[in-house]
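**Student:** Whenever a hint applies, use it, and build me the whole structure from the sequences.
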Amino acid sequence: MNGLDYVILLVTILGIAAYGAWHTRGRHTYKTYLKGSGDTPWFVIGISVMATQASAVTFLSTPGQGYQGGLGFVQFYFGMPIALIIIAAVFLPIYQKLNVITAYEYLGQRFDLKTRLLGAAVFLLQRALGAALTIYAPAIVLSKVLDWPLTATIIGSGVIVVIYTAIGGSDAVNATQKYQFAVIFAGMIAAFVILVVNLPRGLTLSDTLTIAGSMHKLQAIDFSPDPGKRYTFWSGIFAATFLMLTYFGTDQSQVQRYLTGSIRESRLGLMFNAVFKIPMQFFILAIGVLLFVTYQFERPPVYFDQVAWHERAAQGDAHELHEIDSRFTAAHEKQKQELDAWVNARHAGNTAAASAARSAALEAHAEVESIRKEARLAVDPHDKRNDVDYIFITYILDHFPHGLIGLLVATFFAAALSAKSAELNALGSATTVDIYKPVFKPSADDRHYLRASKAFTILWGCTSITFALCLSLAENLIQAVNIVGSIFYPVMLSLFVVGFFLRRIGGTAVFCGGLVAQAVVLVLFFTVPDNRLSYPWYNVIGCAVCICVSVLLQPMLKPAPARTA
Amino acid sequence: MTPEPAREEDKTGFPGLRTWRRVYVFVLITFAIWIALLLALTRVYS
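Those protein sequences? They're chains L and V, same order as listed. Heads up: the first sequence is residues 1 to 565, going by this note's numbering. Heads up: the second sequence is residues 1001 to 1046, going by this note's numbering.
These are calculated hints, taken from the structure and not from any lab test. Just so you know, even glycine gets a beta-carbon here, dropped at the ideal spot from N, CA and C. It is possible that part of the hints are untrue.
With a straight-line cut-off of 30 Å between C-alpha atoms, the simulated DSSO-like cross-links for lysine-lysine are [unchecked claim]:
#1 Lys1011/V with Lys97/L
#2 Lys454/L with Lys144/L
#3 Lys1011/V with Lys178/L
#4 Lys178/L with Lys31/L
#5 Lys1011/V with Lys373/L
Over the 10 Å line for every Cβ pair with chain V, so calculated as not near, a few chain L residues [unchecked claim]:
#6 Ile189
#7 Ser214
#8 Ile221
#9 Leu377
**Tutor:** Given below as structure tokens:
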């Protein structure tokens, strides 16, 4: 990065943050600070919901996911339209009718204080971890490739977001997310255009798709019934629907976004996401597929995390790594020749030659992939580290003109800040409304709660920065975020599902059901290997366990008192 | 019998999609179209 890149990065990020703080300064009551002014238009709600879910991980890691695994990851979002329709039709009218600030207030009104506290506690625990990941994920990758100090990157980006979120509350989150998303959109469109323009010479769109398809990168839909496969049509439609229901329907970081408007605006904002999220994820994965095809013709690093590669070499494995690198160069060159022969045969209309060249190219590709796996194992013999998060940023730094590099790095930070601000806003709200107010200070005035909300926002900001400084990740970043969610989400969803649909169940039964469900999910996570039961299914199992335990337990308890909603 | 006037919260504000049920059906149709297109991509290039 040069001076121009840094100017673009700093002006974009600091400018939007300063605008958020300035735009919403000093015009708050306790309720508007947490819930916004109540007149947010649907388009802003839609963008805000989308920006909260799409953190930097989405834009940094998903193209790598597309490079490595193809388009299959898009199936994970198949549950989203179904879940958002259920939320718009069932959850939202109840939240609006009860005029709640947090989703967990509903649990208190429907069940009792202990169930409300359980919901809020599970949210705070998993969202605090999520907020740490949100800030750690881009920092670890960008600090490595740009040679920035990791600690300063985490603290710097963390402090910016804490300041404007604490000053402006929910309105500041909405105001900044609009512009942050504009930066993200511009960055990703620019990346797509540059990738298309820089495709290898003579390669048509049809060639690109044929090569990607032959190497299994365009298998967007997989009907396999195997629950050990993470991304299939069935896990997307069933398991991911539960995960999305929980995330959008009960996670305060999302609920708070769409409670800032009227019921009409909130519904339209949700439907905006139901329509556009799948094409957006497809587009980001397609960037990864384009990267994949480009790197079949242009030699990439054998291992994209070059810092880890050189660290390993410095530890005394330089000879072995050099040998792997040399074999990779030869295998990649052979693959390129076979691919050129295939493309030329296709253009000449020679079907027999094209078919033979295709087989040879696929064989050469298998050899290239085998050497890449060797490289991965050489860096980490336990095969826990992954270089896919470094693929997109490597391409950006090697191919983008200065100025656009700054814009793309600003894209990653804008995404991190937009997601993080919504998380901090929600953590501060849930702590004040669901724990501090009912348990510790039930009868203070609004100014006191406003000050408490700001203090808790700052406290959670500092906590998540501290968590982020202690993190160390092996998994692909975006999958790590989703796995953390799947461990804690089943309990949250089941409390709400029982509340909405099983009116005879009382607080004690659902509370016990929730605890049992959480224990079952934790046991599954630690004992059943991921290739036998993939994480999206935890949501279905946890929810089913909670409902069954609640239904079985309720007859043994006193009848639940009649409550509203 | 005169139909009851729609409550404010029941209005979608869209000329072609006046009820929320229609909006949800529209979203599901769009979803089905995305799946059909992705399936076609998978089948054509696998």
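**Student:** Look at each hint and say if it fits the structure.
**Tutor:** To see whether the hints hold, each was checked on the structure:
1. Lys1011/V with Lys97/L: Satisfied, since the Cα-Cα distance of roughly 17 Å is no more than 30 Å.
2. Lys454/L with Lys144/L: Violated. Lys454/L to Lys144/L sits at ~33 Å, over the 30 Å cutoff.
3. Lys1011/V with Lys178/L: Within the cut-off at roughly 26 Å; holds.
4. Lys178/L with Lys31/L: 22 Å, holds
5. Lys1011/V with Lys373/L: Judged against 30 Å, a Cα distance of about 56 Å means the pair is violated.
6. Ile189: 20 Å, holds
7. Ser214: At about 8 Å from chain V, Ser214/L fails to clear the 10 Å cut-off, so the statement is violated.
8. Ile221: Label violated. Min Cβ-Cβ 5 Å, cutoff 10 Å.
9. Leu377: 29 Å, holds
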